[in-house]
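Colleague: Could you build all of it, start to finish, from the sequences and the hints given here?
Per the working numbering, the sequence shown runs over residues 4 to 357.
Hints listed in this document are in silico derivations from the structure and should not be mistaken for laboratory results.
Please note that a few of the clues may not be correct.
[Claimed, not checked] Derived BS3-like pairs (lysine-lysine); straight-line CA-CA distance at most 30 Å:
#1 Lys240 with Lys168
#2 Lys107 with Lys60
#3 Lys168 with Lys286
#4 Lys60 with Lys286
#5 Lys168 with Lys107
If you're wondering where the values come from, they're calculated on a predicted model, not measured in any experiment.
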Amino acid sequence: MILAAAFVSVSCENIVEEIWSSDNEAILVLNAQLKQDDTSHRIFVNCSSGGRSEVVKDAEVSVSVNGAAPVAGVPLAYSRDYNGYTFEFFDGYEVTMALSPGDKVDVKAMWNSLSASASIDVPEACGLITAVDTAMIIVPAAGEDGHDYRSRQYSIAVQDRSGEKNYYMLSFQETFYRISPTGEILAQITNEGAFDSSADHLLHPVESSILDDILGDDNRYNIFTDESFDGASWTLKVTDATYGLYDENWVMFWDDFQAGDYYSMDRVIKVYTLTFEEYVYLKSIMAANNDLGFMTEPVIYAENVDGGLGFVTAMTPSAYTIKFPAEPYAGEIPINAYRYVEKWIYTDSEVPEE
4 MILAAAFVSV SCENIVEEIW SSDNEAILVL NAQLKQDDTS HRIFVNCSSG
54 GRSEVVKDAE VSVSVNGAAP VAGVPLAYSR DYNGYTFEFF DGYEVTMALS
104 PGDKVDVKAM WNSLSASASI DVPEACGLIT AVDTAMIIVP AAGEDGHDYR
154 SRQYSIAVQD RSGEKNYYML SFQETFYRIS PTGEILAQIT NEGAFDSSAD
204 HLLHPVESSI LDDILGDDNR YNIFTDESFD GASWTLKVTD ATYGLYDENW
254 VMFWDDFQAG DYYSMDRVIK VYTLTFEEYV YLKSIMAANN DLGFMTEPVI
304 YAENVDGGLG FVTAMTPSAY TIKFPAEPYA GEIPINAYRY VEKWIYTDSE
354 VPEE
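Modeller: Spelled out as structure tokens, the structure:
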């Protein structure tokens, strides 16, 4: 059986790969990336046949934890009007449940006469964020606007658990708040994103092979291992990414602001502990997106689905929250919100001042 794949950014909460089979016989493709710090989880089901893959919108999806009664997945279908057109979307199946490290999770999908399932363990957090320091830096002009801008640089200290091989992913989640003059939270929106880690030597090693130079230094998911600091502490140095932070929903969120409103933000820095299989899976996605055809070996994807194709995994974070102070709304969308703030409030541990 020949497998093919194409990267699919299915939502801000998941990184999955759409995999299909060249065989004519239909087979289910089951994908999910469960996060221990969330209670809303997405399950994605496709049907593959003859080199094609189609989204299945009426499957029976269920998730069971530690042998308890299964929780059914709810299809997430919605529409959105844009410039006089209506677009239909399907964002998988939502399952609401809490997960704890050590839980055994069974995920199952059934559609017509087909079924696929996976059993996984929720890992413990092996990397602890012990400190975060931050400072403003000047980023030289780039692009058409020709203006320098200020970005926030982060130093994130991670303590590894010794005596074992650990795999990690660095990310963040930020929540913006619309606040009334009396301090009431009127609305909020949460985005997930990735730091710009191009200057960090652990996430982007200085030494690279000729092939790495050809393909480019691509670690878009900011994954790393404890090979260089087993049982010790390592400080990651990253900055705010200059792309991908603000989507259409974020812009619509700001459209509701009124004179006298305030805005504020929480940023949660996360170091997720990954299973070895998920680490390999994410490396495979990055390799596939850098594919140069005849110059590279075929990409091998990690799979753990019985009766079908796909990959189901869980990961657990160590989290660190920074609360930014409320600022008055000045009548326009602050595209660089908080890149200019010189004060902030730490909430998870004491951190040295700038």
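Colleague: Against the 30 Å threshold, does the CA-CA distance of Lys168 and Lys107 hold or violate the hint?
Modeller: holds (21 Å)
Colleague: Quick one, are Lys168 and Lys286 close enough, alpha carbons at most 30 Å?
Modeller: Cα-Cα ~17 Å, so holds.
Colleague: Would the pair Lys240 and Lys168 pass a check requiring their Cα atoms to be no farther apart than 30 Å?
Modeller: holds (22 Å)
Colleague: Tell me if the straight-line CA distance from Lys60 to Lys286 falls inside 30 Å.
Modeller: Judged against 30 Å, a Cα distance of about 29 Å means the pair holds.
Colleague: Taken at face value, is the distance from the CA of Lys60 to the CA of Lys107 at most 30 Å?
Modeller: holds (26 Å)
Hint compliance for this structure: no hint is broken.
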